[in-house]
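Undergrad: Spelled out from the first residue to the last, the chains are:
2 protein chains.
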Amino acid sequence: MLVRDIDQIPAVPYGQSALKRIVFGESEGAPTFVMRVFDVMKGGASSHHSHDFEHEVLILKGEGVLKGDDGDKPFKEGTALFIAPNERHQLVNTGEDTLRFVCMVPLSGEVSP
Amino acid sequence: MLVRDIDQIPAVPYGQSALKRIVFGESEGAPTFVMRVFDVMKGGASSHHSHDFEHEVLILKGEGVLKGDDGDKPFKEGTALFIAPNERHQLVNTGEDTLRFVCMVPLSGEVSP
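First to last, the sequence lines map onto chains X and B.
Note that my numbering gives residue 77 to position 54 of the first sequence, counting from 1, and the numbers run on in steps of one.
Note that my numbering gives residue 56 to position 33 of the second sequence, counting from 1, and the numbers run on in steps of one.
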């Protein structure tokens, strides 16, 4: 078993004014999927892209919009987002505070360096 | 894309004084892994068991201990837990408030009824 405080995990820059932490991944022996936590500063956003694997996201703090081909969908703490493979998407922080979310991907979506 | 408020998802009883919500699973077209959210009332606990698939857990609210064969490990909001396949485990609410956590499993660990 591994027990980690997510704030103690080293963060790397990501997207526009965002930070990414890999909580459990290939390096920790995760067999199937990877937990990542993102902090998006005020005015920032995740990458606007699509890929052949899914996201399952839970908003932990803050608010924003999920941009997709079918328009913008608002979210806040307690909102969960499912983004299917190949759906174009971007999470934008539209609030006054930092946006934090946990985003899960299959192992193939997050290969360790 | 699916956008869901986790508090609006129907909950079912689970473990000892706990509730379980399946946020995204087989029914929602999840290809690889399943997001579940658990609320454990004061004094309650998840099931004490082991199984052949992993858990990746993030504590959202409250505090407690992860019971395992190597002892008790405390957790609180912002703690992440990795429980490897076949590790015996139980999450116990030791706080005054409801414990809430998100717990991911591979698709094989959560088959829709």
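Note that these hints are calculated values from the structure, not bench results.
Certain hints may be false.
Put simply, identical chains are the same to the list, so a pair is met inside one copy or across any two.
As the list claims (entries may be wrong) - Distance condition first, Cα-Cα at most 25 Å in a straight line; then the derived BS3-like pairs of lysine-lysine:
hint : residue 1 : residue 2
1    : Lys-65    : Lys-43
2    : Lys-90    : Lys-43
3    : Lys-43    : Lys-84
4    : Lys-65    : Lys-90
Undergrad: Which of the numbered hints are not met once you compare them with the structure shown?
TA: The structure breaks none of the hints.
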